[in-house]
Amino acid sequence: SQTIHQWPATLVQPVGSPLSLECTVEGTSNPNLYWYRQAAGRGLQLLFYSVGIGQISSEVPQNLSASRPQDRQFILSSKKLLLSDSGFYLCAWGFGYLEQYFGPGTRLTVT
Amino acid sequence: TQLLEQSPQFLSIQEGENLTVYCNSSSVFSSLQWYRQEPGEGPVLLVTVVTGGEVKKLKRLTFQFGDARKDSSLHITAAQPGDTGLYLCAGAGGSSNTGKLIFGQGTTLQVKP
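Residue numbers (this note's numbering), protein chains in the order written: chain A, 1 to 111; chain B, 1 to 113.
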């Protein structure tokens with residue numbers, strides 16, 4: 001069966017510090033991978049998606065970047081965090097236009 | 001730009017009541033999913049509908065995809081406290097290869113015992 005992992009689960013970082021969030025998927029090959037951000041109690045905003053190694057598409061211009069160094073690894077990064085980067089970050093995998101499967105999420109607080 | 005409007009945004013009901021959540025758009029979607037999310041966790045897929053007019057039932061939950069594939073509804077019969085959570089609809093549009101989903105803003109459901 002497929003599983004998706006995210007870490008860390010919780011992160012508190014000062015403004016201006018770097019960020020690296022990691023997502024890995026097990027039990028499948030060449031999935032589409034996605035990074036979302038969610039405000040409290042609200043819908044999900046798609047940040048980045050990837051259909052293959054090294055292929056990244058950005059949906060929203062911002063202070064973040066993404067990379068896919070391996071087939072089942074997706075990394076979300078920032079060189080300098082802003083207060084507005086605080087939120088709940090979710091990684092997901094899927095195929096085609098059907099369902100996506102989400103990781104447990106990372107709660108990021110920028111202070 | 002494709003948008004999905006969910007209504008209501010908040011719903012507080014007593015155990016045993018019925019409820020319906022709506023998800024509407026002016027755009028056509030290839031498929032539509034419903035997710036349920038609990039605080040501090042990732043969304044969990046409930047159902048996917050792909051055919052206009054399709055109705056799927058999952059125990060006390062009934063999902064319907066509009067004939068024109070622009071809207072969907074989720075009906076819960078005899079709600080229980082365990083149904084409490086954030087319900088999200090998501091539509092797939094654009095290229096079938098990318099699988100990009102457009103999410104509604106969510107409906108927060110509270111079922112009181």
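The reader is advised that the hints may include incorrect statements.
[Unchecked claim] Residues from chain A that face chain B, not an exhaustive set, calculated with beta carbons under 8 Å:
{"#": "1", "residue": "Trp7"}
{"#": "2", "residue": "Val12"}
{"#": "3", "residue": "Gly41"}
{"#": "4", "residue": "Arg42"}
{"#": "5", "residue": "Gly43"}
{"#": "6", "residue": "Leu46"}
{"#": "7", "residue": "Val51"}
{"#": "8", "residue": "Asp85"}
{"#": "9", "residue": "Leu90"}
{"#": "10", "residue": "Gly94"}
{"#": "11", "residue": "Gly96"}
{"#": "12", "residue": "Tyr97"}
{"#": "13", "residue": "Tyr101"}
{"#": "14", "residue": "Phe102"}
{"#": "15", "residue": "Pro104"}
It is worth saying that the hints were derived from the structure and are not from the lab. Each residue gets a CB set at the ideal place from its N, CA and C atoms; glycine is no exception.
How the hints compare with the structure:
1. Trp7: With a closest approach of 13 Å, the tryptophan 7(A) hint is violated.
2. Val12: Violated - the Cβ of valine 12(A) stays beyond 8 Å from chain B, reaching only about 15 Å at its closest.
3. Gly41: Nearest chain B Cβ about 6 Å off; hint holds.
4. Arg42: Since the shortest Cβ distance to chain B is 6 Å, the answer is holds.
5. Gly43: holds (4 Å)
6. Leu46: holds (6 Å)
7. Val51: With a minimum Cβ separation of about 6 Å from chain B (threshold 8 Å), the hint on valine 51(A) holds.
8. Asp85: Not OK, violated: aspartate 85(A) not within 8 Å of chain B, min 19 Å.
9. Leu90: holds (5 Å)
10. Gly94: Hint on glycine 94(A): holds, closest Cβ of chain B at ~5 Å, below 8 Å.
11. Gly96: Holds: closest Cβ of chain B sits about 5 Å from glycine 96(A), inside 8 Å.
12. Tyr97: It holds, given that the least Cβ distance between tyrosine 97(A) and chain B is near 4 Å, below 8 Å.
13. Tyr101: Since chain B brings a Cβ to about 7 Å from tyrosine 101(A), closer than 8 Å, the hint holds.
14. Phe102: With a closest approach of 3 Å, the phenylalanine 102(A) hint holds.
15. Pro104: holds (5 Å)
The structure is inconsistent with the numbered hints 1, 2 and 8, although it conforms to all the rest.
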